[in-house]
Amino acid sequence: MAADQGDPPLIYLNNAATTWPKPREVLDEVARCLHTPFFEHGRSTAGTATDYPAAAREALTGLFHAEDPDRFIFTANATDALNLLIHGFVKNQKRPFHALTTELEHNSVLRPLHTLEGEKKLTLSILPMEDGRVTLQEIKKSIQPDTRLVVMTHGSNVLGSLQNLRPVAEYCAANDIFLIADGAQTAGQIPINLSEIPAGAFVFTGHKALFGLPGTGGFYLTDPELIAQIHQGGTGTDSRTLVHPQDMPQKFEAGTPNYPGIASLLAGIRYIEHEGQDAITSKCRGLVALFIRELRKEPGITLYTPAPDLPVVSFNIEKLDNDEAGYILAKGYNIVTRTGLHCAPLVHDRIDGGKGCIRVSFSHLNTPEECLTAADAVREVAESADR
Amino acid sequence: MKEFVLDEPLTAGFLEFLGSFGTVKQYPHLKRPYFSFEQDHFISVKGFIGDTSVEVRYKMEFSDLTSDYFHLLLYYSRNGEAGMRKMREIEGSIREKMKIRHPAGERVV
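Protein sequences appear in the order of chains A and B.
When the letters of the first sequence are read in order and numbered with my numbering, they come out as residues 331 to 717.
When the letters of the second sequence are read in order and numbered with my numbering, they come out as residues 3 to 111.
No wet-lab data here; the hints were simulated from the structure.
Mixed in with the good hints there might be a few duds.
[Stated by the list, open to error] In silico DSS-like links for lysine-lysine, alpha-carbon gap of 30 Å or less:
#	chain 1	residue 1	chain 2	residue 2
1	A	K470	A	K421
2	B	K61	B	K99
3	A	K685	A	K627
4	B	K88	B	K101
5	B	K99	B	K33
6	A	K649	B	K33
7	B	K4	B	K27
8	B	K101	A	K685
9	B	K4	A	K649
10	A	K424	A	K450
11	A	K421	A	K450
12	B	K88	A	K627
13	B	K33	A	K685
14	A	K649	B	K27
15	B	K27	B	K101
16	B	K27	A	K685
17	A	K627	B	K33
18	B	K88	B	K4
19	B	K4	B	K101
20	A	K470	A	K450
21	A	K649	B	K61
22	B	K4	A	K685
23	A	K685	B	K61
24	B	K101	B	K33
[To be verified] Partial list, derived from the structure: chain B residues whose beta carbon lies under 8 Å from chain A:
#	residue
25	Y29
26	H31
27	L32
28	K33
29	R34
30	Y36
31	S38
32	E40
33	K48
34	F50
[Said to hold, decoys possible] Chain A regions said to be covered by chain B (calculated; three or more residues, Cβ under 8 Å):
#	stretch
35	653 to 659
36	705 to 714
Only a predicted model underlies this, so the values are computations on that prediction, with no experimental measurement involved.
All C-beta atoms, glycine included, are put in the ideal place defined by N, C-alpha and C.
Using the sequences and the accompanying hints, generate a full structural model.
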């Protein structure tokens with residue numbers, strides 16, 4: 331977006347897509363990483379530099395209260411992680427099976443499952459949500475004798491609603507069903523304790539609330555035996571054999587990793603730990619509450635998220651397409667939002683007839699002043715459009 | 003999608019001209035008076051009256067036929083009735099090409 335002199339200051343409210351700005355510590359760590367020779371055990375002798383992948387795995391283990399750092403696998407993003415897990419799980423199955431997911435899901439879940447359904451490798455049930463949630467009771471109703479896989483979001487990227495993962499994970503673990511939890515919107519945003527959530531796999535992305543660069547993400551895998559390898563290649567270990575190693579994390583990581591990206595992820599986690607996960611969650615919830623309180627004053631605004639758990643507010647302005655409202659906010663007020671379907675078409679079918687909406691999403695680095703300025707702008711647009 | 007920076011600000015007269023070829027929506031009470039233009043199968047335009055920048059989106063299917071369409075609209079809008087007639091001819095010619103590409107194609111008429 332071209333900024334003219336005299337434009338109001340940029341207010342970035344598209345953090346559920348990618349957080350911006352990044353904390354200063356993240357930018358400094360990336361610069362440090364790029365200014366020193368890359369080092370990773372087995373891939374370089376530059377032993378004085380930081381082994382960013384190893385350090386980031388340790389940091390993730392602490393942040394998510396996980397058991398084993400080597401079960402954290404780095405990928406390009408959450409979509410990449412979900413594809414590796416879903417296709418890897420299917421590859422390990424001897425015959426077609428039944429899978430469950432929800433209408434809250436992002437296309438990173440829906441499209442791989444739909445593709446595999448088309449290839450007759452699985453049958454798929456998509457569970458409806460009520461008030462932004464899919465309960466264990468709903469899941470139990472749809473379980474079939476051959477249900478082997480449940481893939482569900484931890485937090486909706488449209489409604490900001492959290493799913494109660496723990497009972498679902500416990501049920502799945504007790505019934506030999508592999509649960510993939512998509513934590514793209516929750517990792518770094520709320521406290522996550524994987525020692526209390528026995529999910530088969532937990533997926534995260536680096537470029538959202540973990541404050542890393544785009545091109546980072548991954549998953550934590552409880553039992554590596556359940557997922558077949560999709561990629562093979564160089565690991566820096568066991569190079570004599572042509573068989574790709576089965577040790578973790580090498581089993582799922584082939585090729586040179588994204589060192590600057592992983593450095594940013596490490597710094598993002600350190601930032602979260604320094605600020606405090608609870609404090610981050612609390613501040614963002616305060617911003618959302620403030621924004622919603624202001625929007626409620628304008629009757630021409632339809633809110634789809636009356637009380638979101640995550641800092642995501644979705645709404646439409648009467649008499650104005652969401653795409654046009656986004657353009658007006660961007661060009662007329664220098665406020666960045668996200669409009670359309672947010673890669674989650676099924677939830678939009680439910681809430682707005684599939685037309686899409688405007689989504690505002692906050693990060694820890696937004697201020698109450700930005701929040702109020704943005705709310706004033708939205709209300710002004712809504713009021714003017716109604717005249 | 004392309005964003006164009008124009009030599010002169012967009013005027014209400016240009017929007018009136020656009021209205022002969024598609025649907026113009028105007029929101030004059032906004033802090034900056036917003037408009038949009040939609041011509042099915044051709045282009046859509048968003049902008050503010052009085053601004054020199056405008057966002058033009060081309061329908062992917064026919065973008066090779068309509069890549070100059072917005073510029074032609076701008077150019078012929080300055081030529082009164084003669085410009086309108088000429089633009090109608092251009093529009094008709096493009097529609098014929100669209101029909102050839104889609105012989106079943108009442109959808110583009």
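Quick rundown of the hints versus the structure:
As the CA atoms of K470 (chain A) and K421 (chain A) are separated by approximately 25 Å, the hinted pair is consistent with the 30 Å bound. Between K61 (chain B) and K99 (chain B) the alpha-carbon distance is near 15 Å, which keeps this suggested pair within the 30 Å criterion. A C-alpha spacing of about 24 Å is found between K685 (chain A) and K627 (chain A), which places the hinted pair at or below 30 Å, so the restraint holds. A C-alpha spacing of about 20 Å is found between K88 (chain B) and K101 (chain B), which places the hinted pair at or below 30 Å, so the restraint holds.
Distance check on the hinted pair: K99 (chain B) and K33 (chain B) sit about 41 Å apart at the alpha-carbon level, beyond 30 Å; violated. A C-alpha spacing of about 16 Å is found between K649 (chain A) and K33 (chain B), which places the hinted pair at or below 30 Å, so the restraint holds. Taken as a hint, the K4 (chain B) and K27 (chain B) pair is honoured in the structure, with Cα atoms around 20 Å apart against an allowance of 30 Å. For a cut-off of 30 Å, the pair hint linking K101 (chain B) to K685 (chain A) stands: about 29 Å separates their Cα positions.
A threshold of 30 Å between alpha carbons decides the hint, and for K4 (chain B) with K649 (chain A) the separation of about 25 Å falls inside it, so the pair holds. Using a Cα cut-off of 30 Å, the hinted pair K424 (chain A) and K450 (chain A) holds, with the two alpha carbons roughly 13 Å apart. Our distance criterion of 30 Å between C-alpha atoms is met by K421 (chain A) and K450 (chain A), whose separation comes to about 13 Å. The suggested pairing of K88 (chain B) with K627 (chain A) is violated, with an alpha-carbon distance near 50 Å, which exceeds 30 Å.
In summary, the hint linking K33 (chain B) to K685 (chain A) is supported, as the alpha carbons are separated by about 26 Å, within the 30 Å threshold. Of the supplied pair hints, the one linking K649 (chain A) and K27 (chain B) holds, its CA atoms being roughly 10 Å apart against a limit of 30 Å. Distance restraint check for K27 (chain B) and K101 (chain B): the Cα-Cα separation of roughly 28 Å lies within the 30 Å cut-off, and the hinted pair is therefore satisfied. Between K27 (chain B) and K685 (chain A), the direct Cα distance comes to roughly 18 Å. Compliance with the 30 Å bound is thereby established for this hinted pair.
Our distance criterion of 30 Å between C-alpha atoms is met by K627 (chain A) and K33 (chain B), whose separation comes to about 19 Å. Note on K88 (chain B) and K4 (chain B): the hinted pairing holds, with a Cα-Cα distance of about 24 Å set against a maximum of 30 Å. This hinted pair checks out: K4 (chain B) and K101 (chain B) have alpha carbons roughly 25 Å apart, not beyond 30 Å. With a C-alpha separation of about 23 Å, the suggested pair K470 (chain A) and K450 (chain A) falls inside the 30 Å cut-off, and the hint holds.
For the given pair, K649 (chain A) sits about 24 Å from K61 (chain B) by alpha-carbon distance, which is consistent with the 30 Å threshold. Under the criterion of a C-alpha separation no larger than 30 Å, the hint pairing K4 (chain B) with K685 (chain A) is consistent with the structure, at around 23 Å. Between K685 (chain A) and K61 (chain B) the alpha-carbon distance is near 18 Å, which keeps this suggested pair within the 30 Å criterion. Taking the CA atoms of K101 (chain B) and K33 (chain B), the gap is near 42 Å; set against the 30 Å cutoff, the hint is violated.
The beta carbon of Y29 (chain B) comes within 6 Å of a beta carbon in chain A, closer than 8 Å, and the hint placing it at the interface holds. Look at H31 (chain B): its Cβ gets to within about 4 Å of chain A, closer than 8 Å, so that hint holds up. Evaluation of the L32 (chain B) hint against chain A yields a held restraint, the C-beta minimum of about 4 Å falling below 8 Å. Nearest Cβ of chain A to the Cβ of K33 (chain B): about 6 Å, under the 8 Å cut. The hint holds.
This hint holds: R34 (chain B) has a C-beta 5 Å from the nearest C-beta of chain A, less than the 8 Å allowed. The beta carbon of Y36 (chain B) is positioned within 8 Å of a beta carbon in chain A (closest approach about 5 Å), and the interface hint is therefore held. Given the 8 Å rule on beta carbons, the hint for S38 (chain B) holds: about 6 Å separates it from the nearest Cβ of chain A. About 10 Å separates the beta-carbon of E40 (chain B) from the nearest beta-carbon of chain A, more than 8 Å, and the hint is not met.
Among the interface hints, the one on K48 (chain B) holds; its C-beta lies about 5 Å from the nearest C-beta in chain A, closer than the 8 Å criterion. The interface hint given for F50 (chain B) is met, as the beta carbon of that residue sits about 7 Å from the closest beta carbon of chain A, less than 8 Å. Here's how the stretch 653 to 659 of chain A fares: 3 of its residues keep a CB closer than 8 Å to some CB of chain B, so the rule of at least three is met and the hint holds. Counting residues of the stretch 705 to 714 of chain A whose CB lies closer than 8 Å to any CB of chain B gives 3, which reaches the minimum of 3, so the coverage claim holds.
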